[in-house]
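Engineer: Residue-level listing of the chains:
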Amino acid sequence: MSRRLRLWLLAVGGAGLAAVLAAACLELPGFGGRSHPYGTRAVRASLARHTANTIASVNFDQRAYDTLGEMSILFAAVLGCVVLLRQARDEHRERPRPAQVARPVRRYALLVVPAALVCGLYIVAHGQLSPGGGFQGGVVAATALHLLYLGADYRALERVRPLGAFEATDALSVCAYLVLGLAGVLAGTAFLANTLLPYGTFNTLSSGGFVPLLNAAVGMEVASAVVVLLANFLDQAVEIVEEEAG
Amino acid sequence: MNGWILAATVELGGGGAAALWGVTTGPTARRVVAQNLTTAALCPALLLLAQGYGRPAYVDLALLLALLGPVGTLVFARLLHEDLEGRRPSAWGLTYAVAGVGAAVVIALCAVTGPGRAMVKLLVIGALLIGGNLIASRALSGGFRGVLGG
Amino acid sequence: MSDALILVALLLVAATATAAVAQRDPARQALVLSVLGVFLAVLFTVLQAPDVGLSQLAVGAALTPLLIMLSVRKIRRRRRDRDGAR
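Residue numbers (UniProt numbering), protein chains in the order written: chain A, 1 to 246; chain B, 1 to 150; chain C, 1 to 86.
Hints in this document: simulated from the structure, not taken from any laboratory. Being a predicted model, the structure only gives us computed values, none of them experimental.
Simulated crosslink set (EDC-like; lysine to aspartate or glutamate; CA at most 16 Å straight-line):
{"id": "1", "chain 1": "C", "residue 1": "K74", "chain 2": "B", "residue 2": "E82"}
{"id": "2", "chain 1": "C", "residue 1": "K74", "chain 2": "A", "residue 2": "E91"}
{"id": "3", "chain 1": "C", "residue 1": "K74", "chain 2": "A", "residue 2": "E242"}
{"id": "4", "chain 1": "C", "residue 1": "K74", "chain 2": "C", "residue 2": "D25"}
{"id": "5", "chain 1": "C", "residue 1": "K74", "chain 2": "A", "residue 2": "E243"}
To spell it out: a stretch of chain C is covered by chain B in this simulated footprint if at least three of its residues, at any positions, have a beta carbon under 8 Å from a beta carbon of chain B; those stretches are:
{"id": "6", "segment": "35–43"}
{"id": "7", "segment": "62–75"}
Ideal Cβ placement from N, Cα and C applies to all residues, glycine included.
Given only the sequences and the hints, what does the whole structure look like? Please build it.
Structural biologist: What follows is the structure, given as structure tokens:
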């Protein structure tokens, strides 16, 4: 294909895309308008299932299947990172040197680790009531653990982080999501249909059917995935060194 | 539109523009200080927005920023400490001024909220924000001098 | 008047994102990126999407800087080892 032809092809494709986008923009409802056809229906459905946070209802009830896809994307991405960043044959590990961190920083880290873990759990558990959910809370909890590296050294973090257990938890929580979905099939409804559990009292921790359970599964998956991901990055940055070729 | 949102707009515009200027110009040492002060300047704005919209649930955003913002600064302080060696970046006057603004916002919101669980949450956010910022500033000005390679 | 707030947040995000692209050094880019994350979270809050804002804060405040800075450290260490071996 000649250069000129390629440019023509690009121009035609670009013009088509621009035309379609312009047509779509002209049909958009006005910014901040009063009429939201999809929003009204989503809110009605989430109120019927006693879920106070409509976003949680959309993510884990009305479109739980999409969330399963997002979850497997994260799982596959972390798996890819683990394969890419593993210790190769021409690399070896060096013990990281212990670090001396100023005392106030170390104390702050030790104080904030439990606070951040509790905060992460709070965000996961209140996913169906207020903004937040499994993803946000899981990331917070996993980040909190790495304050041990920042406030002390890598060996302190390694001591409280059994990597094998986190890898197993990662896989198990993806399975838990699938099993929760299959339970609906076994009960005679549909995959990931929120019909098995009672919907509970509106605006309490146990409301929303199986939304809190799916939130917990996603929270565990995200937390352990982030820990495994950061562990591989930290290994490469701190421990693994290339051997000299000859 | 109310006074709270107006205050949040002023805080966001002033603090945000200053943070952007600080983090995109000058030596690395100054940029790290600006990154640290961004947390301190924008967390009160998030609290003011939560109050202005009348949505107590939005306070969670400020909680998360107060918790994780200083952690982000610690990341830079630890992994850039070779670049910062001998510079001891600090701007204590500015740090205390921004911490004072944060404390003022938290106290004002506590006065409006009245005693209860919401007030405890606000106080926790205030303590995390101010404590975290002072510690992160301390870490920037030489908290990781004993770290070699690790 | 709440349009003014949206305008301020949008302008800050646009300016910071441009600045992040214009930086040359990855470490400095990471610094601008972490500030951009906070501005984005404020923008999402102003547009009444606190769930997205929380995700942005959780990822952008500490996790992304940590990943980028660890990669920068690995590359710098490798370069130093090579230079030292010569």
